Amino acid sequence: MQYHTPSSFDDAVALAKDAQGVTRFLAGGTDVLVQLRADIVTPDVLIDIKKIAGVSDITREGEGWRIGVAVTGAEMSEHDTLGKEWPGLVEAMDLIGSTQVQGRATLTGNLCNGSPAADSVPAMVAAGVTVSVTGPNGERKVAVEDIPTAPGKTSLEAGELVTAVHVPARGKSGGDAYLRFIPRTEMDIAVVGCGVNLRLDGKKIVEARVSLGAVAPTVLLVEEAANAIIGTELDDAALDALAEAASAACNPIDDKRGTIKFRTHVAGVLAKRAAKIAYQRAEAAS
Amino acid sequence: MIHVNTKINGDDVEFLCDPRETLLDALRDKLGLTGSKEGCGTGDCGACSVTMDGRLVCSCLVLGAEADGKEIGTVEGMAEGENLHILQEKFIEHAALQCGICTPGILVATKSLLEKHPEPTETQVRYWLAGNLCRCTGYDKIIRAVMETAADLRKAS
Chain G
1 MQYHTPSSFD
11 DAVALAKDAQ
21 GVTRFLAGGT
31 DVLVQLRADI
41 VTPDVLIDIK
51 KIAGVSDITR
61 EGEGWRIGVA
71 VTGAEMSEHD
81 TLGKEWPGLV
91 EAMDLIGSTQ
101 VQGRATLTGN
111 LCNGSPAADS
121 VPAMVAAGVT
131 VSVTGPNGER
141 KVAVEDIPTA
151 PGKTSLEAGE
161 LVTAVHVPAR
171 GKSGGDAYLR
181 FIPRTEMDIA
191 VVGCGVNLRL
201 DGKKIVEARV
211 SLGAVAPTVL
221 LVEEAANAII
231 GTELDDAALD
241 ALAEAASAAC
251 NPIDDKRGTI
261 KFRTHVAGVL
271 AKRAAKIAYQ
281 RAEAAS
Chain F
1001 MIHVNTKING
1011 DDVEFLCDPR
1021 ETLLDALRDK
1031 LGLTGSKEGC
1041 GTGDCGACSV
1051 TMDGRLVCSC
1061 LVLGAEADGK
1071 EIGTVEGMAE
1081 GENLHILQEK
1091 FIEHAALQCG
1101 ICTPGILVAT
1111 KSLLEKHPEP
1121 TETQVRYWLA
1131 GNLCRCTGYD
1141 KIIRAVMETA
1151 ADLRKAS
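Chains as they are written, first to last, in this note's numbering: chain G, 1 to 286; chain F, 1001 to 1157.
The hints are simulated quantities; they were obtained by calculation from the structure and are not laboratory data.
Everything numeric in this text was worked out from a predicted model, so none of it was measured.
For each residue, glycine too, the CB sits at the ideal point set by N, CA and C.
You may find that some hints are simply not true.
So these bits of chain F aren't anywhere near chain G, every CB distance computed over 12 Å [as the list claims (entries may be wrong)]:
1) N1009
2) D1018
3) R1028
4) G1043
5) S1049
6) M1078
7) E1080
8) L1113
9) A1156
Pairs of lysine-lysine, DSS-like flavour, derived with a Cα cap of 27 Å [stated by the list, open to error]:
10) K1155/F to K1116/F
11) K1141/F to K51/G
12) K204/G to K141/G
13) K1141/F to K1155/F
14) K84/G to K172/G
15) K1155/F to K51/G
16) K204/G to K153/G
17) K172/G to K51/G
18) K50/G to K1155/F
19) K84/G to K261/G
20) K153/G to K261/G
21) K50/G to K1116/F
22) K50/G to K17/G
23) K50/G to K1030/F
24) K1141/F to K84/G
25) K172/G to K153/G
26) K51/G to K1030/F
27) K50/G to K1070/F
28) K50/G to K172/G
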């Protein structure tokens, strides 16, 4: 295996373009190195992007944020302002793994690993996060929900890599939340995850995005669920409609961690709870 | 082979490693620092915990090559000669270990915790150590040793 530490994304792309065999980009390594050691994916070329300038920075981008692709969960949690504006996003990232994993794991890695149960991905989808992608055919900006295509698969083409994560401006009267169900209290993979991001005008919800994780081959953006609460004050009828829409969007697997019936039901329950938290946060920000 | 220049427990260290080699293997096999243990090798058990530039990580999920230019802290850096670190003393006092395989990782992890949070709650300690598995003594004695260390350090300061 060759190990490279390019100093720019252009160099990273050039290395990937010329690489023979299996190529992987390395950020925090909490998935790539597990797969390497378990002989699930044995890269011939490993391109460590952590020596590229700016990849560990969280910076303002307009009223929003630019999060470097090597920024760790711990760095997001320790940031002064990011978690005040986007608590759901930061909390979702913080749910992943142990303290040790938090010291290495990244949003971009969580996204590119392509797991439908990735905790940060539903939170990013709800928040309307986009990523910059660069590759042999130039640059493009992609919505997070358009990156995963199947378990372990993404829409990134050969030689393409994510170069930055863009979090939109929080704006006024907005709030987000992410909740997951796991049978333990820590160190587990989501059986169901749900992200909600909304904006209020007075008491009325005027914008909303609802996402679900671990209930389909990819993380889902559920427009019907968002529509169920837009225009409401999140009364009981709206919450019931939200739960129904969330459950209806599920297409989960049956496994030892949760049955189809259980996951489908819990998706609705979590959607209600996450919506209430996001609503409270939006009220507090009004 | 990759030539790595790093700093371990304050000392400048150089070693050569295969690109696939983990920091844990480099520490144990190249540098004779066998305090860090391999439990799972997949980042689940925390027995290989070290700090890298002050950040707690699993050394089984770091490549040896990634240590280049970094500062690594291992359990070997805790005691000063024959003088044990207060956490080590408290672990002995509370019998917070049995077979000892998880202990180096838990010591490194709790040292890192107390540096960041000198007044942790019990819940905070338990969550911080969620990635450090112990299969013999259970966690209560470990938690009590950590809580008492934190209290003693506060009194001393």
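Quick rundown of the hints versus the structure:
no., hint, result
1, N1009, "holds (18 Å)"
2, D1018, "violated (8 Å)"
3, R1028, "holds (15 Å)"
4, G1043, "violated (6 Å)"
5, S1049, "violated (6 Å)"
6, M1078, "holds (17 Å)"
7, E1080, "holds (25 Å)"
8, L1113, "violated (8 Å)"
9, A1156, "holds (25 Å)"
10, K1155/F to K1116/F, "holds (17 Å)"
11, K1141/F to K51/G, "violated (41 Å)"
12, K204/G to K141/G, "violated (32 Å)"
13, K1141/F to K1155/F, "holds (21 Å)"
14, K84/G to K172/G, "holds (13 Å)"
15, K1155/F to K51/G, "violated (42 Å)"
16, K204/G to K153/G, "violated (38 Å)"
17, K172/G to K51/G, "violated (36 Å)"
18, K50/G to K1155/F, "violated (41 Å)"
19, K84/G to K261/G, "violated (35 Å)"
20, K153/G to K261/G, "holds (26 Å)"
21, K50/G to K1116/F, "holds (24 Å)"
22, K50/G to K17/G, "holds (19 Å)"
23, K50/G to K1030/F, "holds (24 Å)"
24, K1141/F to K84/G, "violated (36 Å)"
25, K172/G to K153/G, "violated (36 Å)"
26, K51/G to K1030/F, "holds (25 Å)"
27, K50/G to K1070/F, "holds (12 Å)"
28, K50/G to K172/G, "violated (34 Å)"
In this structure, the earlier hints numbered 2, 4, 5, 8, 11, 12, 15, 16, 17, 18, 19, 24, 25, 28 are contradicted, and the remaining ones agree with it.
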